[in-house]
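Residue numbers (my numbering), protein chains in the order written: chain Y, 5 to 392; chain D, 5 to 392.
Hints may contain errors.
In the DSSO-like style, the derived pairs of lysine-lysine whose C-alpha atoms are separated by at most 30 angstroms in a straight line are [to be verified]:
#, chain 1, residue 1, chain 2, residue 2
1, D, K7, Y, K6
2, Y, K17, Y, K45
3, Y, K6, D, K368
Coverage of chain Y stretches by chain D, computed from C-beta distances (three or more under 8 angstroms per stretch; other residues unrestricted) [as the list claims (entries may be wrong)]:
#, stretch
4, 59-66
5, 82-91
6, 211-217
7, 252-264
8, 375-383
What the hints contain is simulated information worked out from the structure, not anything from laboratory work.
Just so you know, even glycine gets a beta-carbon here, dropped at the ideal spot from N, CA and C.
Number of protein chains: 2
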Amino acid sequence: MKKISILGIGETKMGRLADRSLRDLIKEAGTKAIEDAGIEKERIQAVYMGNFNSQFLTGQGHMGPMVSEALGLGNVPTVRTEGACASGSLALRMAIMAVSAGEYDVVLVGGAEKMTHQPTETVTTGIASAMDFELEAMQGFTFPACFAMIANRYFYEYRNVKKEMGMVAYNAHQNALLNPDAQMQKDFSLEKILSADPIASPLSLFDCSLVTDGAAFIVIANADVADSIATKHRRVDIIASGHAGDSLTLASKASITSFGAAKAAAAQAYAQAGLKPADIDLAEVHDCFTITQIINTEDLGFFEPGKGGDAVAEGLTALHGAKPINTSGGLKAKGHPIGGTGISQIFELVTQLRGDAGERQIRKADIGLAHNLGGTAATCVITILKGR
Amino acid sequence: MKKISILGIGETKMGRLADRSLRDLIKEAGTKAIEDAGIEKERIQAVYMGNFNSQFLTGQGHMGPMVSEALGLGNVPTVRTEGACASGSLALRMAIMAVSAGEYDVVLVGGAEKMTHQPTETVTTGIASAMDFELEAMQGFTFPACFAMIANRYFYEYRNVKKEMGMVAYNAHQNALLNPDAQMQKDFSLEKILSADPIASPLSLFDCSLVTDGAAFIVIANADVADSIATKHRRVDIIASGHAGDSLTLASKASITSFGAAKAAAAQAYAQAGLKPADIDLAEVHDCFTITQIINTEDLGFFEPGKGGDAVAEGLTALHGAKPINTSGGLKAKGHPIGGTGISQIFELVTQLRGDAGERQIRKADIGLAHNLGGTAATCVITILKGR
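Put together the whole structure using the sequences plus the hints.
Below you can see the structure in the form of structure tokens.
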């Protein structure tokens, strides 16, 4: 791939936004990203839009032209990408390919989801479309049940990390207290987290991420073109993009305590960047459940298999630890606007790499990694960013 | 873009396939395409899958990993693209970008839709997600009503072409009689077509395309790599890909008797190929309604604005006319498996360019064009193929 720069970023407050429509969210985040890039909107040549399941949840498909119309971008080509919870990162990856192919120089990439207006059963049904409908969802399988099985297997192969899972949630909520865009800004004690009601054993309430409305957008550009554009921010480049897949069904995976798609995507991204796991200063990883974050940090090579829980217990993944994970608050506390999550991860990394993260700013932030899973780790996209 | 070759093609019979699941359709068409390419499936490096609204119609999202699992492709990266009825062509375009960027050499591209198991109201609601939900669908607007307004405006600006619209349908059904994959193989008289019940004036029953289950896949490759692979077929190359957009809403378009997205995508594709409209031997165009085909042939520069109806009346667009349009039978008679349509158009062009179209083979088939619209022409993708 060509060297690509991120010119601008924008996102909405995440949350239960009863008074905001999907169009509102898109308009706000898209406008912010273009303004932050400091370019005329006429320079945008294409729109890549990640969305998971707005057709079922809001009745709105074909979201690309909705974005271009809402932002006044004229006849630009648009596309929506979908790969469950990795939909936003897939939009970014498709945009990276088009810029790398020389097709476009300046592209708007976004992601959005509007979910909280629907009753819980409808949201659950909508989310279940990310698994195999016939073989899993139609049989009553749900994602909490799925990741509970994963956690139980992890406990069997390694050890019980229920307490460390609680610490993952604790860290997420502590970080979210410092992120004004976060959905749930509450100072929960570890004791309260660990004593919460069960959802699907061993997962309890705080082991599960949130249902969220929100949108995030970024403007990317061929780095040569970007260099000709004045910027008020530290310039952040995309130096690697990895993408791999796995079976849609849980039953067909080689392992469920380590995700094949994540390991393959990570290997691709590290090779492309010429970096090792130790070179990553901070990462936003896909903590749809707390056990998932522990597994993700192992798949990314930050910690040995089975040692992700120890790393949490030792404080390594906390805001000022050696390897800060989800400084934004993550899917757990910042929120999980499904199609928007991948782009919101990039928003956080750029904010940190620019040194603009305010109270949650980490000390050294030069290289950041975003890890975005779809479904039962059937899709994984990994993006590595570097500040100049 | 790089020069890209089409190594293999496969599609299912189109129709009301009550006994076939989405997975069945994917497995059949994907297997056929890989077999037709004459390669080991291990050479497939990525999957690009077009699907419009399976999440609402069947409960199944995240279709990329479903394809790779069904076909046994291992950990290959996958993505689903959606741009309403242009979803399939968008999958192809994203794949073209990735190959052009040098990311992959051999890629599987597909499209599928499973619709006919749902009651008509559900299908209508699902299809309406291709328009603006809040501003159009929620107000009771439907696509037949939308294209009826377009036809009425066309009649006002030019002349009444209701009879020529009937001839579009007649040609489509005559061509479909010769296409074994076509959904509706019936020898309708022009008189019967013209006397059919009204749907939304001036559109009557035969002016509307079909509701269809079906899937189509192709294998594409970097042309340099493709040249090292033995083939039993005439080699067909993708020599241009154009893509443009327009407002999602009908009300915001500059014109509704000529589609801005189609004209912009066509200009891009012709420039890329170094060709003029007169150089195109045959075209598959998006005849969601008969009036749309007439407008499309004008937008593509085959005929002057307002003269598309005359061209049909003169027989130019018939199977053995000077500019054969929709030799497959088109959306009108071959069928319209929404997410599969764009790839099924490519299937037909390749079949003709290879000289494999049997009874419907046209005399000169060296350069073919596929024109695929999404929604109310809010997305248009145009692809030009050339036989060697």
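Item to complete: Just pull the numbers of the violated hints for me, sorted ascending.
Response: Failing hints, ascending: 3 and 6.
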